[in-house]
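So for the sequence shown, the numbering used here puts the first residue at 197; every next one is plus one.
Just so you know, the hints here were simulated from the structure itself, not pulled from any lab data.
Among the clues, some could well be false.
[What the hints assert, rightly or not] Distance windows between CB atoms, simulated:
id : residue 1 : residue 2 : range
1  : ASN267    : LYS203    : 28 to 34 Å
2  : GLN318    : LYS204    : 34 to 40 Å
3  : ILE206    : LYS264    : 27 to 33 Å
[What the hints assert, rightly or not] Lysine-lysine pairs mimicking DSS-like chemistry, simulated, CA-CA at most 30 Å apart:
id : residue 1 : residue 2
4  : LYS224    : LYS270
5  : LYS282    : LYS270
6  : LYS200    : LYS224
7  : LYS235    : LYS204
8  : LYS309    : LYS202
9  : LYS203    : LYS309
10 : LYS235    : LYS282
11 : LYS282    : LYS264
12 : LYS200    : LYS235
13 : LYS224    : LYS282
14 : LYS290    : LYS224
Please read all numbers here as calculations on a predicted model, not as lab measurements.
Beta carbons: idealized from backbone N, C-alpha and C, even for Gly.
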Amino acid sequence: MREKNKKKLISIFIISLFFSMGVHASLKPIACETNFGEKSFTIQGETVAFHDTQKIKGRSISSILDSKTRNSHKGFNKTVYQDGYKHLIHIENKNSFNSTDDFLAITSPKGHKMTFPINCNQLD
């Protein structure tokens, strides 16, 4: 009896692992930008790529950073640390982006905080 339950548990684990991998693979990247273009970044899975807004000879430089994600009912919060600054990205609803509710909050090492509304869209 124990052996049967063990096999059943292993098969359930493998099936759930298979489906969770499919969900992560199907996530499309989200491109975001502040209203006046001060900051630009792309979110894909657990990483955030900040883009340098000054383009050099048609190319832009990006820094890709790992993030900590906290999911909510419809959206998520991502926290990224870059050069001692804490970047909090808040998306209220990942199915309907809205610059009124979505924002980027940057906190300096001294504790000064700046909040920017962001415009996001899902890339194909």
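Going through the hints against the structure:
no., hint, verdict
1, ASN267 to LYS203: 28 to 34 Å, "32 Å, holds"
2, GLN318 to LYS204: 34 to 40 Å, "38 Å, holds"
3, ILE206 to LYS264: 27 to 33 Å, "30 Å, holds"
4, LYS224 to LYS270, "16 Å, holds"
5, LYS282 to LYS270, "23 Å, holds"
6, LYS200 to LYS224, "39 Å, violated"
7, LYS235 to LYS204, "50 Å, violated"
8, LYS309 to LYS202, "52 Å, violated"
9, LYS203 to LYS309, "53 Å, violated"
10, LYS235 to LYS282, "14 Å, holds"
11, LYS282 to LYS264, "11 Å, holds"
12, LYS200 to LYS235, "55 Å, violated"
13, LYS224 to LYS282, "24 Å, holds"
14, LYS290 to LYS224, "11 Å, holds"
Of the numbered hints stated above, those contradicted by the structure are hints 6, 7, 8, 9 and 12, listed in ascending order.
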